[in-house]
Amino acid sequence: KSCTVCNILCIIVCCVRAQTIMKARLKGAQTGRSLLKKKADALSMRFRQILRKIIETKTLMGEVMREAAFSLAEAKFAAGDFSATVIQNVNKAQVKVRAKKDNVAGVTLPVFEHYQEGGDSYELTGLARGGEQLSRLKRNYAKAVELLVELASLQTSFVTLDEAIKVTNRRVNAIEHVIIPRIERTLTYIITELDEREREEFYRLKKIQEKKKQLRERTEKEIAQRLAALGPIAEPMNMLNEEADQDLLFE
Amino acid sequence: MPGRGKLIAVIGDEDTCTGFLLGGVGELNKNRKPNFLVVEKDTSITEIEETFKSFLARSDIGIILINQFIAEMIRHAIDAHMESIPAVLEIPSKEHPYDASKDSILRRAKGMFSAEDFR
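Going down the list, the protein sequences come from chains A and B.
What the first sequence shows, in UniProt numbering, is residues 1 to 251, in sequence order.
What the second sequence shows, in UniProt numbering, is residues 1 to 119, in sequence order.
Just so you know, the hints here were simulated from the structure itself, not pulled from any lab data.
Check the hints yourself; a few may be wrong.
Label-pair distances were calculated between CB atoms; the ranges are [unchecked claim]:
1. Arg136(A) with Pro97(B): 17 to 25 Å
2. Val16(A) with Met82(B): 47 to 55 Å
3. Glu176(A) with Lys30(B): 30 to 38 Å
4. Lys53(B) with Lys92(A): 19 to 27 Å
5. Glu67(A) with Glu14(B): 13 to 21 Å
6. Thr46(B) with Gly131(A): 37 to 45 Å
Glycine is no exception: its CB is placed at the ideal position from the N, C-alpha and C atoms.
Chain B with its partners taken away, still in its complex shape (with noise of 0.2 Å):
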């Protein structure tokens, strides 16, 4: 439905959030949480899927974007996550180019479309 407006939430390397938060989309809710999650060489994998599960579980966020490689650490939460909104969203990040097949949306529709569809 339209009218009040939904949040970009990220989680993502230093350089993804960053660049993110400069284009507008970081914000602090009521009890001050970011949605956002600078994700370090040290964050553990349990703290990013806690993160990812409570971006879900709040209203107010319509799309998590989330570079690859933490999508891989997470693979299994976002594969049980079905629901249409909040879109979560794979970017690619400085040291990781975007890889197709790596893409969790994309694996549900595998057999319909070829390699050659990327170049």
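Only chain A is shown next, with the shape it has when bound in the complex (with noise of 0.2 Å):
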């Protein structure tokens, strides 16, 4: 990957740009992280906010079923027992769910719409005895139907968002445990990389300034003694200095 060929470049050519590059990486982690994390934020608040609600619908479900039992009972006394032939009559289904995509935070959430299709099959159910014990119990749980499947899209939004509540979570904690700490390592290497590698020209600097004065030292030491070597060396003539010129005829 870019990120170990990065490191060994980083190690053998520790330069400026090394450093520079790592601090814009250091800076690109922590922006993911700190998204990321409001990202985790929003999906949870999300959560919480469908957990009350399921909690609130599985309760009226509770209720809504249980009426609807009661209705069935009441039927039952009323038209007989019409289980056998509701269950053999069997043919196409009135009412059918459909898969919606909803949007949170980047997550699409499936939703689930009802919707009624063709006629109903039982119309003719309860023609002999107990028809108005009939219709209000198919009301009855057509009612509960709508309950549940609202209830349903609750249930798989919940799903959904706790995977990828997980998700989230652990490339946050990814990148704040072991990412950034490894940017941040690199980045102390170069740096005292950089430090010891100016110490080292100083040094050398300061070495050869010092092997220069000594050099030039000893030279003008040589020079000092081969001129004394040569004993005293006469002056040349000094034409200012002469007093009578023989040539000058009119002075």
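Take each chain as given, in its own frame, and dock them per the hints.
What follows is the structure, given as structure tokens:
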């Protein structure tokens, strides 16, 4: 991956450019982490809302189901046992559900929408006796079905969000505890290397200066010695100091 | 994706199934296989589990309604089901009122709510 290649390059070519690259990468990782944290927080909030709604709806559903069961008992009492007929006459479903997609902070949640299709296949049941109880029963169960479809949507969103939150949190933790420390360590290493190289350079310069100075001192001493060995040097004549010039005819 | 509707399957005792069939959810598909199972006292757990798994495998079923006492019997199969569709919904039956502590969905979020919320 590019990260390891860059790491190796950093070790070989520790330079200011590598340091700049690492700084940029650190900044990127930190921004990424805070963005992911925000996403995880938004998802968690939605998650808690959904959970509360689920609890409400489940309690409501318990009551609706109880009422529906009562009306079933009433209808059975009035119309006799029609269960067998009902089960035999199954043909096509009138109530179906559709799956729609809802989007929350980048996560697509499936949502169920129920719709009617076709007519009532049990229109003729209960014609003999107990017709009113039966139609009330049908209404009750239709209401129960609507509620249950809503509950199912909430439940699927719940499960999907649960997974999404776990994944996002895992990524946040990975960035925070693995990637960022790694980059910081590389950065410190680069800075130490650069500092040490600077010190080396400085030391080298000082050493060179010292050597030059010594060389210069030694050369000067040698020249002085050689001069002394040659004896006193006669000074050349200074024309300005002469008193009389014999060639001058008029004075 | 919107479009072709999905069915609501029911696994329950006779009364539950009758009620929901009257509500209009019952259908027989091409092979005359129904989308519901009436569970009697003598229905074996294997049969219930087989039907549940076949409902999960069918692509035209969006929701599976199951009585809570039957769900108890095949709890392991329900807990193993991790996908969001089809959604598995536990409903109470006449003899067994709804017990939230047994619902597999709510158990996953066990720590996040307390008993007060149910009152």
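These are the hints, each one checked on the structure:
1. Hint check: arginine 136(A) to proline 97(B), Cβ distance near 22 Å, so the stated range 17 to 25 Å holds.
2. Between valine 16(A) and methionine 82(B) the C-beta distance comes to about 51 Å, which sits within the given range of 47 to 55 Å.
3. Against the hinted window of 30 to 38 Å, the Cβ-Cβ separation of glutamate 176(A) and lysine 30(B) comes to about 54 Å, which falls outside the hint.
4. The given range of 19 to 27 Å is respected by lysine 53(B) and lysine 92(A), whose C-beta atoms sit roughly 25 Å from each other.
5. For the pair glutamate 67(A) and glutamate 14(B), the beta carbons lie near 19 Å from each other, so the given range of 13 to 21 Å is met.
6. A hinted range of 37 to 45 Å holds for the C-beta pair threonine 46(B) and glycine 131(A), which are about 40 Å apart.
Of the hints listed earlier, the one the structure fails to meet is number 3.
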